[in-house]
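> If you read the sequences in order, they're chains A and B. Reading the first sequence from the start, the letters are residues 1 to 137 in the working numbering. Reading the second sequence from the start, the letters are residues 1001 to 1169 in the working numbering.
Keep in mind that the hints were calculated from the coordinates and are not lab data. No residue lacks a Cβ here, since even glycine has one placed at the ideal position from N, Cα and C. Keep in mind that a hint or two might mislead.
Computed, partial: chain A to chain B, Cβ under 8 Å [claimed, not checked]:
#, residue
1, C39
2, V65
3, E67
4, A76
Partial selection, computed: residues in chain A whose CB lies under 10 Å from chain B [stated by the list, open to error]:
#, residue
5, R25
6, V71
7, F73
8, G104
9, G106
10, N110
So the chains spell out like this:
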Amino acid sequence: MPLYKGKTTIQALGGNRIEWKAQFRVEEESKMLVTAPPCTIGNVTWVNNRPARWTMQIDAPGPLVLESFDVGFQDAEPPVARGFIAVEWQQSTSTLFISRNNWGGGGNQNLNIGDSVLLTLWFRNTAVPTVYSKETP
Amino acid sequence: MIQQESQTVWGYGRGMVRTVARVTYIVPAATLPDPDNPDFYTTLGPMKFTKLAGDGEWQVDLDVAGPTYIRYAAARILYSSNPGFQAHVTIDDSDPDVPLGSRLRVQVWDVSGGGAPDVAANLEDDAALCIQVIVNQPGEPKYSTGPGVPVAAPAPAPRPPPDDDGGTR
């Protein structure tokens, strides 16, 4: 059951990606801490002094190819509202649009104090050629 | 630091491999939407995405050989205009000719129905389905300490002194 048998480690890991992680944590009212590689956080929409939507522009030269992403949500207490994190990627400006939304519609839902959003992005590393064992037709 | 001198693949979680891929639905200009047209989809990454007949229903084949043990799988949506999309992923073992752990089944949902049941939905124009999978990486473990370190054979028993003939005195 080998995965990518006979390939180098970087190929076995899926080729040529750069992993990029960020955490957003609501520390107190009107204050969200961001732990991330260089980026610019903007357009924060505050609802009751808590963030509900914001943008994050990745600080990297040239166009970025976002190969995939994953996102998690850490509630400070057992959740009482049904929500999830929605992510949009605008490649032309290397910007992510991040929001917490209501399950069932009804627009954005703000984060509570102590809540965290955990984001992982995988960008294509154009310095390394791509080799796959199977090509997608 | 753990596994500092090991290969990256061993340092990362001791025998796990992460692979990701993305399929994006883009309707060409001056063209009517057609979610069942494979030409409207662009794939990034080492997975084969096959749109099935049902709305928002996908088959995802991993680039693996033989049975593969999946430790983590996630399906996420990069939305374009409607942020109320979610995706569920399961390991698809329905085909006996496909080794276990080689195929996923994904269902995309529109959950913005305002209390109505969630509905299966195709991707919107310029939206993407993203998959992350972490699997076991089989092979000979190479640990810097612990069970992978070979244990030297015990030294032979000491020889008796030369003047010891083994008899009683």
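> Regarding the hint that G106/A lies at the interface with chain B, is the smallest CB-CB distance below 10 Å?
Constraint on G106/A satisfied, holds at 7 Å.
> Hold the hint about F73/A up to the distance rule: shortest CB distance to chain B must be less than 10 Å.
Cβ of F73/A sits 12 Å from chain B, so the hint is violated.
> May I ask you to test the interface hint for V65/A with respect to chain B, counting a Cβ-Cβ separation under 8 Å as satisfied?
holds, 7 Å
> Against chain B, with CB atoms and a cut of 10 Å, does the hint on V71/A hold up?
Holds, because the Cβ-Cβ distance from V71/A to chain B comes to roughly 6 Å (cut-off 10 Å).
> Quick check on R25/A please, does its C-beta sit within 10 Å of some C-beta on chain B?
violated, 20 Å
> Return the status of the interface hint for N110/A: holds when the least beta-carbon distance to chain B is below 10 Å, violated otherwise.
Violated - the Cβ of N110/A stays beyond 10 Å from chain B, reaching only about 14 Å at its closest.
> Does A76/A pass the interface hint, meaning its C-beta sits closer than 8 Å to a C-beta of chain B?
violated, 22 Å
> Interface hint check: E67/A, Cβ to nearest Cβ on chain B, cutoff 8 Å. Holds or violated?
Constraint on E67/A satisfied, holds at 5 Å.
> At a threshold of 10 Å, is the proposed contact between G104/A and chain B supported by beta-carbon distances?
Holds, about 5 Å.
> Does C39/A hold up as a contact with chain B if the rule is Cβ-Cβ below 8 Å?
Not OK, violated: C39/A not within 8 Å of chain B, min 17 Å.
Of the numbered hints given earlier, the model fails hints 1, 4, 5, 7 and 10; all others are met.
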